[in-house]
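Here's the letter readout for the chains.
2 protein chains.
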Amino acid sequence: MQQAQTQDVMEKIVSLCKRRGFVFQSSEIYGGLAATWDYGPLGAELKRNLKEVWWRSNVYERDDIDGLDAAILMHPMTWMASGHVSNFEDTLVDCKGCKKRFKVENITGKKCPECGGELTEPRQFNMMLKTHLGPIEDATSLTYMRPETAQGIFVNFQNVVNSMRRKVPFGVAQMGKSFRNEVTTKSFTFRSREFEQMEIEFFVKPGTDEDWYRKWVEERYGWYIKYGIRKENLRKREHEKTELAHYAKACTDIEYNFPFGWSELEGIANRTDFDLKQHMQLSGKDLVFFDEVTKERYIPYVIEPSGGIDRSILAFLADAYREEEVKGEKRVSLAFHKRLAPLKVAVLPLLRNRPEIVELAKNITNGLRKEMKVMYDDTASIGRLYRRQDEVGTPYCVTVDVDSLADKKVTVRDRDTMLQDRIDIANIKEYLIEKLA
Amino acid sequence: MQQAQTQDVMEKIVSLCKRRGFVFQSSEIYGGLAATWDYGPLGAELKRNLKEVWWRSNVYERDDIDGLDAAILMHPMTWMASGHVSNFEDTLVDCKGCKKRFKVENITGKKCPECGGELTEPRQFNMMLKTHLGPIEDATSLTYMRPETAQGIFVNFQNVVNSMRRKVPFGVAQMGKSFRNEVTTKSFTFRSREFEQMEIEFFVKPGTDEDWYRKWVEERYGWYIKYGIRKENLRKREHEKTELAHYAKACTDIEYNFPFGWSELEGIANRTDFDLKQHMQLSGKDLVFFDEVTKERYIPYVIEPSGGIDRSILAFLADAYREEEVKGEKRVSLAFHKRLAPLKVAVLPLLRNRPEIVELAKNITNGLRKEMKVMYDDTASIGRLYRRQDEVGTPYCVTVDVDSLADKKVTVRDRDTMLQDRIDIANIKEYLIEKLA
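Residue numbers (the working numbering), protein chains in the order written: chain A, 1 to 437; chain D, 1 to 437.
The following block holds chain A by itself, in its conformation from the complex (with noise of 0.2 Å):
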């Protein structure tokens, strides 16, 4: 098998995602609104199975790190602290012939670069998404959608310690959505303002610090390529100085080659000490960790992975995606990691018109249910059905035939060597548990 390299792979990749219930256009009976997306059925399961090894690989398998559910509102002096309120900014002209409006990095010459017409002056433009809370629309009652899940972790920095008396080094791990105000938005679910992260902020010894970075670059690194992305498509490139944002002593992004070039998937920054001094110059609060072993008293410094979940899972998608040549006819398929497969099983009777055949497919179907995700499809013919499962990555088909009411046995075929076995219908719940494990 060989991936796709045509040019056009992203466009078949979306038209994919929208035929077979990934990604939807948000609000599309409305025409939809810009750069928000909605995951269907199938991109909900991914995107569940995603944010679930995430979580177990750092959370669960691990001994040094919490996990944490922060809100998306926050206090607006968290953002003060941050430095969200007076950093967070694009700086944008406008077009004064069709209104348009761009970065300015995106200009090249003084002129419109949809009309041509003349630019305005270029202005700061704060990329947080702003509400009132309260009944009173005023500068006491303005807060933001969070544009990272960072800060939330940091606040309760203290909270994390004290209730599970953590001593450091350890990390707090959380997932969630946050929102930015993105003028210039592009490639399918890349880059959306409404968007899920994965982050970690892993508090270490000042002086640690340098050998932690290197550690989560190692770590997340192995993470992508254990889920299934090939090596030649991931890559790391370090920061150069003068890239690195305020708080960051060094970073390193995790790159994928997507069909619309290499892009970031997540980055590891070592982000020193900046923001919980921060926090404790605006809070007041005493943020200092006491070791109780050593007796000094330090700031922690800080390590943070932070991934991208919608591009990790459309990287994971263009990755996994094939196209092939099967007896003269094209097949697709997802060849995704197992853990990560939407559907773990479909079960199709071979002929949909005999009654007991159907019947023990859906009894067979049921019997799968409380252990993984199963579906049951008699609509079609069993290679259409077969191409169908195959488009959307399901590992395993079981397929119920005449021979299986007497041999008491269903034929399991394997979404990528196509082989099939033949297996005892009193086993194989066990099988497809032990193969998808």
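If you are wondering where the hints come from, they were derived from the structure by calculation, not from laboratory data.
Among the hints, a few may not be true.
Each pair may be met inside one copy or between any two copies, as identical chains are not told apart.
Stated by the list, open to error - Straight-line Cα separation of at most 16 Å, EDC-like style, residue types lysine to aspartate or glutamate; simulated pairs:
| id | residue 1 | residue 2 |
| --- | --- | --- |
| 1 | 373 | 52 |
| 2 | 435 | 421 |
| 3 | 362 | 61 |
| 4 | 167 | 377 |
| 5 | 167 | 291 |
The structure displayed is predicted, hence computed values, not measured ones.
Please arrange chain D on chain A, whose structure you already have, making use of the hints.
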């Protein structure tokens, strides 16, 4: 064991939630943000578990429901169609003295309940949180943070039918954040401005709606019982005709007997064809369902079981809370259903100054990590360690003692019975998996 019936049980739960990392006030270091809450490490696990059992019950174990994960930001026309722009209002009065604002329904007499001052005339106040997308803040960029997840399902009705080849009856399940600009907030996490919903829109043929409505009331009532709410603390309350929302033909609330009184956990409403009709009208799109077998065309009726995740968590916490006397000491425990318990197992060395015991305990912990959420703790005496785990509802404690080094067995203690089993270390994983299943 008996439920703590004291009036201060709510205060005890709030205190336990903060101290043990279930729930923190949002942005607490800045004095908090009114009516928003953060889930700490154990609260985040409890919430994950609750969401997981809801999703599995509805999307995995049934064959007639698909999942969805739609965006929080939707096209503003959505809220014209749903009636939220014109109808989702509180009627408020201001005090001319202390400037506080109140819901009219909470005012008895014509004076301010806080300072006795004079009140203004009542005014309407829309409860949706507003924001602006794009760089210009005007009417054309105005949109809302969704006040309910339901509409994300309605606008995707045709997308789900088409991509999943669904036939009525079928449902769509979704969990996610919603936002309401509540003026009166109360009772800890029960009513907050940012909250999470678990909603199903179940589409049925008109005429079958009353049957399905009754089925769903029973189904959802049974779900809370299944996961541990005691029958005496749960009741169904059917709405009077005068109470019904503008879109509903019938509605039943499932109420829990909170320490602050009987209050709604979930509402099951017969929303008729109101929403789909409205969206057809405003979008101009055809949302009529065509039944290929009977050749009928109709707009489905909708039965909506709509539950609050945060208030369910609070109910499961309150219902699990136990105080009892054990050997002259007060024991506090959270008797969570095993599926909901944030930590499944704690591994505790009896003697923390014996390196072989500590090492063995850590090895056992690491051997369990991939299978369940497990915690190692050696920071206190065994009695205290048990109390800590009881207080957060950990179903099993595994204790490693001196004998364990010789006989290769450990003690497993049950949270509820406090009975102890001696189990071979070689079998401990399977033993716990079976117990927790």
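Since the copies are identical, ignore which copy is meant and state whether residue 167 and residue 291 lie within 16 Å (CA to CA) inside a copy, between copies, both or neither.
Classified as within: same-chain Cα gap 7 Å, cross-chain 62 Å, threshold 16 Å.
Is it within a copy, between copies, both, or neither that the alpha carbon of residue 435 lies no farther than 16 Å from that of residue 421?
Result: close within a single copy only, 12 Å intra versus 33 Å inter.
Given identical chains, is residue 167 near residue 377, meaning Cα to Cα at most 16 Å, within a copy, between copies, both, or neither?
between (52 Å within a copy, 13 Å between copies)
Tell me, please, which holds for residue 373 and residue 52 at an alpha-carbon limit of 16 Å: within, between, both or neither?
The answer is both: 14 Å in one copy and 13 Å across copies each meet 16 Å.
Measure nothing new, just compare the shortest in-copy and cross-copy C-alpha distances for residue 362 and residue 61 to 16 Å and report within, between, both or neither.
So residue 362 and residue 61 pass the 16 Å test across copies only (13 Å; inside, 36 Å).
Violated hints are absent here; each numbered hint is respected by the structure.
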